[in-house]
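With the hints as constraints, model all of the structure from the sequences given.
Chains as they are written, first to last, in my numbering: chain A, 1 to 292; chain B, 1 to 306; chain C, 1 to 491.
Since the hints were made in silico from the structure, they are not lab data.
Just so it is clear, CB atoms sit at the ideal spot from N, CA and C, and this is done for glycine as well.
Worth double-checking, as some hints may not be accurate.
Stated by the list, open to error - Computed list of lysine-lysine pairs in DSS-like fashion (alpha-carbon distance at most 25 Å, straight line):
#	chain 1	residue 1	chain 2	residue 2
1	C	Lys231	C	Lys201
2	C	Lys209	C	Lys188
3	C	Lys365	A	Lys169
4	C	Lys77	C	Lys188
5	C	Lys326	C	Lys411
6	A	Lys92	A	Lys192
7	C	Lys370	A	Lys169
8	C	Lys326	A	Lys193
9	A	Lys169	C	Lys384
10	A	Lys98	C	Lys91
To be verified - Pulled a few chain A residues facing chain C out of the computed Cβ check, cut under 10 Å:
#	residue
11	Lys169
12	Met173
13	Leu175
14	Ala176
15	Met179
16	Ser180
17	His181
18	Leu186
19	Val189
20	Glu190
21	Lys192
To be verified - For each label pair, taking beta carbons as the anchor points, the in silico distance ranges come out as:
#	chain 1	residue 1	chain 2	residue 2	range
22	A	Thr244	C	Pro142	48 to 56 Å
23	A	Asn166	B	Ile132	36 to 44 Å
24	B	Ser150	C	Ser140	47 to 55 Å
25	C	Met28	B	Ile191	21 to 29 Å
26	C	Thr71	A	Lys98	21 to 29 Å
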Amino acid sequence: MQVVLQILINGFIISSIYALGAVGFSLIFGTAGILNLAHGAFLVLSAMVAWFFISFFKLPLVAGIALGVLTSVIFSYLLFFLVVHPLDQSKKIPREEKEVFILTATLLWSMVIQGLLDYTFGSTPIVIAPFTPGAVHIFNISITYNEVILAVVSLVVIGLLYLLINRTKTGKMLLAASMSHTGLALMGVELKKVYILLWGIYGLLTGVSGVLLASFLGASASSVPDLTGLSFSIVVLGGLGSITGSFFASYIIGYLGTITAYLISPSYTTLPAFFVLILILFIKPRGLFGRF
Amino acid sequence: MQLQLSRTNVLKFVLIPLMGFASLPQFLSLYLLGTLTIALYFSVFAMSWDLLFGYSGEVNFGPTFLIGVGAYTAALFNVNTGLPVMVCIILGTSVAVIAGLLLVAPALRLRGPYFGLITLVSVLILDQVITIFAQYTGGEIGISLPGMLSASNLVNYYLALLFMVASAVIFLTIAASPIGLILQAGAQDPIAAESLGFNLTKYKVLAFGVSAFFSGLAGAMLVFYLGTASVSMVVSISVVLQIIIAVIIGGRRTIIGPILGSLFIILTGQWLQYLGQLDYAVVSLLALIILLFFPNGIAGMLFRKG
Amino acid sequence: MPLLEALGLQKRFGGIHAVNNVNFNVEMGEIIGLIGPNGSGKSTLLGLLMGVHKPNSGTIRFAGEEIQNWTIHKRIKSGIAIVFQHSRPVKRQTVLDNIKLSILPDRLFSFYYPGDLEAKAREIAELVGLQEVADSYPSSLPFGHIRRMELAKALALNPRLLLLDEPFAGLTPSEITELASLILSIRKQNQAIVLVDHNVKAVYNFVDKIIALYVGNKIAEGKPDEVISDKEVRRVFIGKSMDACDHCLPTEKSCSLSKEPLLDLNIGSIRYGQAEILRKVQISINEGEFVSLVGLNGAGKSSLLKAILGIVGYEGEVKWQGVSTKNLTTAQIVRLGIAFAPETRELFRYLTVKENLALGGDRLKPAALKERLAYIYELFPILKERLEQTAYTLSGGEQQMLTIARAMMQKPSLLILDEPTLGLAPVVLDTISETLAALHEKMGVTILLSEQNIHFALKHSERIYLLEHGSITWEGTADAFIKGVGEKSLV
Chain A
1 MQVVLQILIN GFIISSIYAL GAVGFSLIFG TAGILNLAHG AFLVLSAMVA WFFISFFKLP
61 LVAGIALGVL TSVIFSYLLF FLVVHPLDQS KKIPREEKEV FILTATLLWS MVIQGLLDYT
121 FGSTPIVIAP FTPGAVHIFN ISITYNEVIL AVVSLVVIGL LYLLINRTKT GKMLLAASMS
181 HTGLALMGVE LKKVYILLWG IYGLLTGVSG VLLASFLGAS ASSVPDLTGL SFSIVVLGGL
241 GSITGSFFAS YIIGYLGTIT AYLISPSYTT LPAFFVLILI LFIKPRGLFG RF
Chain B
1 MQLQLSRTNV LKFVLIPLMG FASLPQFLSL YLLGTLTIAL YFSVFAMSWD LLFGYSGEVN
61 FGPTFLIGVG AYTAALFNVN TGLPVMVCII LGTSVAVIAG LLLVAPALRL RGPYFGLITL
121 VSVLILDQVI TIFAQYTGGE IGISLPGMLS ASNLVNYYLA LLFMVASAVI FLTIAASPIG
181 LILQAGAQDP IAAESLGFNL TKYKVLAFGV SAFFSGLAGA MLVFYLGTAS VSMVVSISVV
241 LQIIIAVIIG GRRTIIGPIL GSLFIILTGQ WLQYLGQLDY AVVSLLALII LLFFPNGIAG
301 MLFRKG
Chain C
1 MPLLEALGLQ KRFGGIHAVN NVNFNVEMGE IIGLIGPNGS GKSTLLGLLM GVHKPNSGTI
61 RFAGEEIQNW TIHKRIKSGI AIVFQHSRPV KRQTVLDNIK LSILPDRLFS FYYPGDLEAK
121 AREIAELVGL QEVADSYPSS LPFGHIRRME LAKALALNPR LLLLDEPFAG LTPSEITELA
181 SLILSIRKQN QAIVLVDHNV KAVYNFVDKI IALYVGNKIA EGKPDEVISD KEVRRVFIGK
241 SMDACDHCLP TEKSCSLSKE PLLDLNIGSI RYGQAEILRK VQISINEGEF VSLVGLNGAG
301 KSSLLKAILG IVGYEGEVKW QGVSTKNLTT AQIVRLGIAF APETRELFRY LTVKENLALG
361 GDRLKPAALK ERLAYIYELF PILKERLEQT AYTLSGGEQQ MLTIARAMMQ KPSLLILDEP
421 TLGLAPVVLD TISETLAALH EKMGVTILLS EQNIHFALKH SERIYLLEHG SITWEGTADA
481 FIKGVGEKSL V
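The following block contains the structure:
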C-alpha cells in the first residue's frame, strides 16, 4: 500500500517535470517543424550551470536557477540563429535533404554541449539543493516540501503556457504560425519575430524543466542522450504536433518509469519508455492525438 | 551524378588508392598502423551509413545498433562457446541483419522522422541492455575475447584493407546499379518514384539489410582485431556521431567520401586525445561548421555532385 | 467492359467537398477531357484515380478490378500512368537516367542494368525529340522539354490508361498544337487518355468526349461540341451572356488620373524553375479604382499577385505610392496597406472564425478591433453565425468569405483578391459580388481582382487587363472589353 502511494506521488512529480520539457519540445516541432535532438542537452545544461553558480559562487538558489534558465535560453537562440535558420535558408542543400540535415545538426549541437559539460564537470551526477528542507508525512509516507514545490512549479508553468497560447494574442500568433506561414505574413506579422519568441519560450520551458529535474533526480552529462530519447518517446506517444498529447503522454511515460523503478530496479527507468516508443511506431505512429 | 562501374572509376576509386594503402606499412610506425586499421573498419561503418543516408534519404541515428549487435554477438559466442573466430563472426553478422530487419526495418514504411527516431532509440536500448546484463557482457568495461583475427599487426592491416576494398566495390556496384538509381529517385521525390511503378519500401529494406550486413560484419571483425568488445567502441552515441561526421565531412554519395572522412576522424581523434572529453565537442563543432558551409564534403567538392 | 469505371466518388477536405458523387466511364482507347474552372475538383479526381488520395466513398474499377484502396505503385503496375501538373523530374539524375527509371522493372535484385536498357532509353528520348539533351540535367532544360520528358517517362511504362494533369498549362498556342500532335503520334492504339485542363480550346480539338466539373459535381458529359454549347457549362465558364450585362458600365473616375498611381508595376520576368511564367507586364492602379486582371488559369495571374506581395521573386519594379517594395518582406508590404486574399486562402485551419479575424486585426487597439469586427459582421452576416467554428470545417463559400473578411480587418488601402469565385456555387457568388460592390462604392476601397470568371469581373471593374500566356494582350476599360474582346478569349 505504501509502495503504491509512493509510486503515485513520485510518478506524478516526475511526470509533471517531464511534461514541462515535453511541451516545449512539442511546441518547437508543431510551430517550426523541428525535432530538436539537442533537447536533453539543454535540460542538463541549465541544471549544471545553475548548480555551478549555487555551489561554487554560493549564489542563492533562485538566482542560480535563473542563470541556468538564462543559459538555456541563450543556447536555444544560438541554435536557432547559428544553425537552424542558416540551414533552412541555405541554397547549397537540396530541399528534400534539409530536414535531415537540420536533424543531424541538432544532434551535433547536442554533442558539442554534452562534450563541453563532460569536460567541465566530469561524469559525476550533480543534484541541485532543495528549495526548502523538511517533509510532510501522510499515510506513513513522506513527501519532501521540495518535491511538492517541484510539481507545483511544473504545473504552474505549464498552466501559464496554456494561458499564453490559448488566451493571448501572442499565443494565437504562435498557433497560427504552425498552421500557415504565408497566412501569418499576410496578417502583417514577421515570421522571424514569431520564431524569436518561440525559441525564447522553448529555452525557458526547457531550462526550468532541466533545473527541476536536477533537483528531483540529479543530472549529468551522460544522461543527455537518454533524456532526449525520453522526450521524444513522450512526444511521439502523445502524437507529433499535439501539445495536449505530449502533456498526457508525459504522465503515461512518467508513471511507467516510476513503476519500473520501484518494482524492478531504478536503473531501468528509461527502458520501458523506449519500448513503448517502438511499440507505438509499429502500431499507431500518429500517437494518441497526433496531427501527422 | 550517377556513379558508373566504368574502368576509369574502378581505377580511380579502387586500384590507385589500394596500391597507396598497400605500401603504407613500410613507412608507418606500428602504432599508426594500428590506428589506420581501425580507420579502415570505420570506413565500412561509414559507407554502410551512406547507403541509407546519401542514397536512400533515410538518416539512421543508430548505426551502432547494428554494429554493436554484430560485435557483441560474435564476442559472446566466442567467450561462452568454443566456436572458432570465423564462425562467431558469421553468427554475429547474421544476428545483426535479423535484428535490424525485425526491429528497425518496419519503420521504413513510415513517412516522416519516425525511422530516425526508432534508430536512435534502438541504440539507447542496446546500451542499457548491455549495462544491465553486465555480468554477461562486461558492462561499461567490456569483455576480453580469447580469439583474435591475427597476432601480426601487418596481417591485421592487410586483412582490414582487403575487407574495406571488397566492401567499397560492393557498395559501388549497388550505387551504380538500378537499385542505386531507384533509391535516389525515391529519396528525392517518393511520389514521383512510386508513379513509375516502384515499391520504394522494398528497396529501402534491401539497402537497410545490406547496411546491416556490413555494419555487423565490420563490427564483429573490429572487436576480434581489438581483442575486446566494449560499448565505447561499438555502441555508444559518440561512435554514431563520428560515423555521421565522417560521411558529412568526407562527402555523401561518393563512396570514397566516407573513406576519406573516416580516415580524417580516426586520425584526428588520436591527435585530439590529449583534450580528453573535449575532443567530442571539438569534432562535433567542426562537423557542424562543415555541414553549414560545405554540405557536400571534401569528396563532394572535388567531384561535382548531381 | 469499360476500361475505367468511377462510381459515386466522394472526397472531402474538412468542410470542402472537392469531389461530390462523380460517376464516369472510360472505354479502351478513348480520349476524355475533364474540364472545369479551378476548384472544380479536376485535380483531386485525378489524384483519386492515381492513388494520391483515397476517396471518402465510392469505387474505382480498372479493367474490372476495384482499385480505390491500392497503392500508387500497384496501380502503375496494372497499367495506369500519370504526367503531373507540376513536373517532377528527378533532378540529381540526367534526362537519360530519368527515362531509364521508367523502363526499369520493379525488381528488387537488379544489380545490373539490362544490356539493351541504354539503347531503349535513347530511343524513347528520340521519340520525343530529346536525344540531343539526353545526357543533360533537367535543371538546364527549358520548361517545354521537361514536359516532354515526363510524357516520355509515362508512355514508356506502356500504360493502358494515361492521366495527364494540365499538360498544356504554360504553353503557347503553337506549343500546345505541337504537344497535342506528339501525344497522338506516340500513343498506342488502345491507350486511353484522361486529360485535365481548364483550357477548353486546347482540349476541344483533342478529345473524343468531354466531362465538365463544377464545385466537385459533374455538370455535363458528351461530345465536345455538345458540352461546349451546353448552357450550364457556358454559364460556369464565361458567366452569363455578355449582352445581358447588368451594371458593368461604371462611371469614369477622371480625378484619379492626375495623381500618382497607388500601385505601379513594371515586371520584366517571373520564373518558376525554368518556366518563364510572366514576361514584360506593366500594370498601374489608381486610388479608388476597381481593376480586374482576367485570363485563364496558367496565364500567370496568381504569380503576378504573389510578386506584388513579395511571395515570389521577380525581375523588375513594383512601386507602392512611388516607393519600391522590392526588398520588403511580405509582412512589411502588408503593413503598407495592401491586403491579399490568396487563391489558397491560407486560413488558420484549426482556429475559429473569430480567431482568424482577430489575427487579421492584429495591429488594431482593442476598441478599434471591436468596432472593426462589428463592421465585418455586418458585411458578412454568415460569419457572425459561425464565429466559434474552426475554419477547416466551414464550407467553401464560407471559407472564401472569411478570407476576404480577414483581409478587410486590416483597413487596407488596396485589396487584392485572387480568384475569389473559385469553386463557389452561384448563390455565394452573388453575396461576394454584393460585398465587393459595397466595399468599393461605399467605402472607396481600391480593389485589384484576378478572375477567370469574366462576367464577375466585368460587373465591378472600371478597367481590365487581359493576361494570356504570361503577357498582357489587352488593356482598357470594361466597356471597351465587352465590345472588343468579349467571348472570343475563351472558346
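Evaluated hints:
no. : hint                              : in the structure
1   : Lys231(C) x Lys201(C)             : holds, 17 Å
2   : Lys209(C) x Lys188(C)             : holds, 18 Å
3   : Lys365(C) x Lys169(A)             : holds, 12 Å
4   : Lys77(C) x Lys188(C)              : holds, 17 Å
5   : Lys326(C) x Lys411(C)             : holds, 23 Å
6   : Lys92(A) x Lys192(A)              : holds, 21 Å
7   : Lys370(C) x Lys169(A)             : holds, 14 Å
8   : Lys326(C) x Lys193(A)             : holds, 21 Å
9   : Lys169(A) x Lys384(C)             : holds, 20 Å
10  : Lys98(A) x Lys91(C)               : holds, 16 Å
11  : Lys169                            : holds, 7 Å
12  : Met173                            : holds, 7 Å
13  : Leu175                            : holds, 6 Å
14  : Ala176                            : holds, 5 Å
15  : Met179                            : holds, 5 Å
16  : Ser180                            : holds, 5 Å
17  : His181                            : holds, 9 Å
18  : Leu186                            : holds, 5 Å
19  : Val189                            : holds, 6 Å
20  : Glu190                            : holds, 5 Å
21  : Lys192                            : holds, 8 Å
22  : Thr244(A) x Pro142(C): 48 to 56 Å : holds, 50 Å
23  : Asn166(A) x Ile132(B): 36 to 44 Å : holds, 43 Å
24  : Ser150(B) x Ser140(C): 47 to 55 Å : holds, 53 Å
25  : Met28(C) x Ile191(B): 21 to 29 Å  : holds, 27 Å
26  : Thr71(C) x Lys98(A): 21 to 29 Å   : holds, 27 Å
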